[in-house]
Amino acid sequence: MGSDVASDTTPATTTSRPARPTGSLSAWEGMARQYDYWLTVLKRTWRGGVVSSFLTPLLYVVAMGVLLGGFIEADPDKLEGATSYLAFVVPGLVASHAMTLAVSESTYPVMGSIKWHKTFFAQLATPLAVRDLVNAYVAFVMFRVASACAVFMLVIAPFGVFATWWGPILAWLSQVLVGFAFTTLVFAYSAWLKSEEGFGLLFRLVVIPLTLFSGAFFPISNLGPVLEWIARLTPLWHGVSLSRMFCVDHIDWALVVVHVVVLVTLTVVGWFLAVRNLDRRLEV
Amino acid sequence: MALLEGIPAPLTPAAATRVLVLRNYVVYKGAWKLFITGFLEPVFYLFSIGIGVGQLIDTFEFHGEAIPYAEFVAPAMLATSAFNGALLDSTYNVFFKMKYEKLYDQMLATPLSTGDIARGEITWGLMRGSVYSAAFLVVMALMGLTQSWWAVLALPAAILIAFAFSAVCMAVTTWMTSWQDFDKITLAQMPLFLFSATFFPVEAFGDGVLRWVVEATPLYRGVVLCRELTTGVITWESAVSVVYLVVMGVVGLLVVRRRLDKLLLT
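Here the protein sequences come in this chain order: A and B. Here our numbering = 1-based position in the first sequence + 118. Here our numbering = 1-based position in the second sequence + 61.
Among these hints, one or two may not hold up.
[Claimed, not checked] List time: in silico EDC-like cross-link candidates among lysine to aspartate or glutamate, alpha-carbon distance up to 16 Å:
(1) Lys94(B) / Glu315(A)
(2) Lys196(A) / Asp119(B)
(3) Lys94(B) / Glu314(A)
(4) Lys163(B) / Asp268(B)
(5) Lys233(A) / Asp397(A)
(6) Lys90(B) / Glu315(A)
It is worth saying that the hints were derived from the structure and are not from the lab.
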């Protein structure tokens, strides 16, 4: 990093807006330089996440999919094309798990990096720009989400709930997309939020209702016409529906395009908001 | 001598509990949004699993009577939300107060004793929990999910569940050393929540050892007790559950007191 000392010493005290050394690195290099930092974080924290990342969703599969599913008549007409309740619930559970992981990784840790251990301020004192911090952070969270979902899908495969071999791969990609949308949006929220009380509200008023009513556990047509349309507007429903269509091989390609466009748009909007909010928040 | 007269007399256990509850009330007033939304979670679960998934299920047998799925799940939500609330309060919050805030050390510098702290914290947790349980019972009654006047007793039953788990979990917390230990709490919490005949009847476990194990776990006793009360099908099993939970709570309370003595007074 020695060669960057010149750009590093740009006076940060001037009042004009681009006071920070932004953009002196390419987006890729900005991310790559944080590789060893995030690898160290991962090495030191992965144990704490094993139960919540892998065991909890698996218990849900056994309890809801296998045991409760044993009491549910397997009617593909009522289950959006799935041949059993287990086959119905698994793709939805993995998609909502992607959301939960993405949200929990981008709430308290983001606020901590701003407020408590102030890692972001330390990182900004190097040639890294706000954009680079967001990119590397999102990449780290997405590594965790993508690997957790992949493991989950692999563990489920022997249960015979997947209709084709390529469907689960596309379903995994849609779960990753869910992770991207929620990571960037929640990052933006966390960078804006002043007190952690807001996180409790986020979990209770957004994450739990989304998990329960976005079609993961039952077809949203069971909600009645009004609530069904509200459910269609939630980002998680798009992910659940996408993931399920691929897993049970009951694909409506026009709908796939809609789902993908919505999730990609949310990711892009979330990213811009995240960079803007973090930039404002880190202004000294 | 004048100095000694200025020292207040030790508080009675009741007065000490009152002071501690008041302290928690004052602190909590700032977080009223969290308090209000706390009761929503079981309601969401009831609407989602009980009604949404319930449309895919006919009826369940409970003590020989066929009951609709929502009526089956609702009392379980009452019991598990009492359990979850007690568990979170007496693990995360107690750990934070003990290790980080050093709150109990400060309290012991006053006329309060370790027994007062244990009683006060648990009383506060129970008061908070019973507000939620009462609200949830009202929701159940409004939705027509209660079948007899026995359902009124489901409120004390929920408070009993909360008491038993608060005491035991607080005792467990006194052995914890770091946040990483909380993964073990989740490890116990999730299976209890999902497999205590919450969402499906205990018959799903077959007739073997597994079913006996489930029937001997505390949350299962609580769930079945609440379900017996709200459906009005009272059996001798209800009495077993009550005795089980009372013993569990009292033992927990005794252990908490001994552990706090050891941790804070030495």
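Determine which of the earlier numbered hints do not hold for this structure and return their numbers in increasing order.
The structure conflicts with hint 4 only, although it agrees with all the remaining ones.
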